[in-house]
Amino acid sequence: MSHLAAMRCGSANLASLTGPKFTLLGASHKTAQTVLSIPSPLKGFCSSGAAKTSSRSLSTQIRAVRHLEGSLIKTQNLRFAVVVARFNEFVTRRLLEGALDTFKKYAVNEEDIDVVWVPGSFEIGIVAEKLGKSGKYHAVLCIGAVIRGDTSHYDAVVNSAASGVLSAGLNSGVPCVFGVLTCDDMDQAVNRAGGKAGNKGSEAALTAIEMASLFQHHLSQL
Numbered sequence: 413m414s415h416l417a418a419m420r421c422g423s424a425n426l427a428s429l430t431g432p433k434f435t436l437l438g439a440s441h442k443t444a445q446t447v448l449s450i451p452s453p454l455k456g457f458c459s460s461g462a463a464k465t466s467s468r469s470l471s472t473q474i475r476a477v478r479h480l481e482g483s484l485i486k487t488q489n490l491r492f493a494v495v496v497a498r499f500n501e502f503v504t505r506r507l508l509e510g511a512l513d514t515f516k517k518y519a520v521n522e523e524d525i526d527v528v529w530v531p532g533s534f535e536i537g538i539v540a541e542k543l544g545k546s547g548k549y550h551a552v553l554c555i556g557a558v559i560r561g562d563t564s565h566y567d568a569v570v571n572s573a574a575s576g577v578l579s580a581g582l583n584s585g586v587p588c589v590f591g592v593l594t595c596d597d598m599d600q601a602v603n604r605a606g607g608k609a610g611n612k613g614s615e616a617a618l619t620a621i622e623m624a625s626l627f628q629h630h631l632s633q634l
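Okay, so the sequence shown: first residue is 413 according to my numbering, each after it adds one.
Honestly, I wouldn't trust all of these hints.
[Stated by the list, open to error] Simulated pairs of lysine-lysine, BS3-like, Cα-Cα distance not exceeding 27 Å:
#1 Lys548 x Lys486
#2 Lys516 x Lys486
#3 Lys542 x Lys516
#4 Lys545 x Lys516
#5 Lys486 x Lys517
#6 Lys516 x Lys548
#7 Lys517 x Lys548
#8 Lys545 x Lys486
#9 Lys517 x Lys608
#10 Lys542 x Lys608
#11 Lys516 x Lys608
Since the hints were derived computationally from the structure, they do not count as laboratory data.
Let the sequences and hints guide you as you build the complete structure.
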């Protein structure tokens, strides 16, 4: 095989492996030369202009993200129920007073608040669920105080109260806020009911307002 024929044969084999080919006539002779079309290593990547367009599109998407949040100042027409355990009333009444003061501070009308008393924290869950399902309230605040004793009764009541309030919210679709103190002794409870550690009833009321606003102004439209 001549040297020229060997070159043509090799070029043809290479073209069959690398991609399509086209024929170009040489300027100084009539011999047809095979020119290979080899894919560019940058194929599939954006040009600088396309990259800038993509960047602008991503920026627009980020700006379009919505942040939904409850408000503490949009309390008009919001109604609340407060379920209070009578057991350890010396503590729970202080928690209730803190909650009512906070509702008043944030312009919740007194006529838009109903207080329901139950024997103990164990009974809070079922009453909270009933109130939530009534459709009359935008949030239910649950207040109680469980203080550790010498037996395991404390653990049973605490677990039941927590799961009861959680289930009430899930089953009714209305925010049910856990405002039950779980303390090792009476001093801890008193400190959290208007003492050195603040008033947890007041804090729970703020949570109830924010959750009620979130549901009413944002989530009810989803």
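Going down the list of hints, with the structure as the test:
In summary, the hint linking Lys548 to Lys486 is supported, as the alpha carbons are separated by about 18 Å, within the 27 Å threshold. A threshold of 27 Å between alpha carbons decides the hint, and for Lys516 with Lys486 the separation of about 13 Å falls inside it, so the pair holds. The hinted pair formed by Lys542 and Lys516 meets the criterion: a straight-line CA distance of about 25 Å does not exceed 27 Å. Restraint check for Lys545 and Lys516: satisfied, since their Cα atoms lie roughly 25 Å apart, inside the 27 Å limit.
For the hint linking Lys486 to Lys517, the alpha-carbon distance of about 13 Å falls within 27 Å, and the restraint holds. Using a Cα cut-off of 27 Å, the hinted pair Lys516 and Lys548 holds, with the two alpha carbons roughly 19 Å apart. With a C-alpha separation of about 22 Å, the suggested pairing of Lys517 with Lys548 holds against the 27 Å cut-off. This hinted pair checks out: Lys545 and Lys486 have alpha carbons roughly 23 Å apart, not beyond 27 Å.
Distance check on the hinted pair: Lys517 and Lys608 sit about 21 Å apart at the alpha-carbon level, within 27 Å; holds. For the suggested pair Lys542 and Lys608, the alpha carbons sit about 35 Å apart, so the restraint of at most 27 Å is broken. Between Lys516 and Lys608 the CA atoms are separated by roughly 22 Å; this keeps the pair inside 27 Å, and the hint holds.
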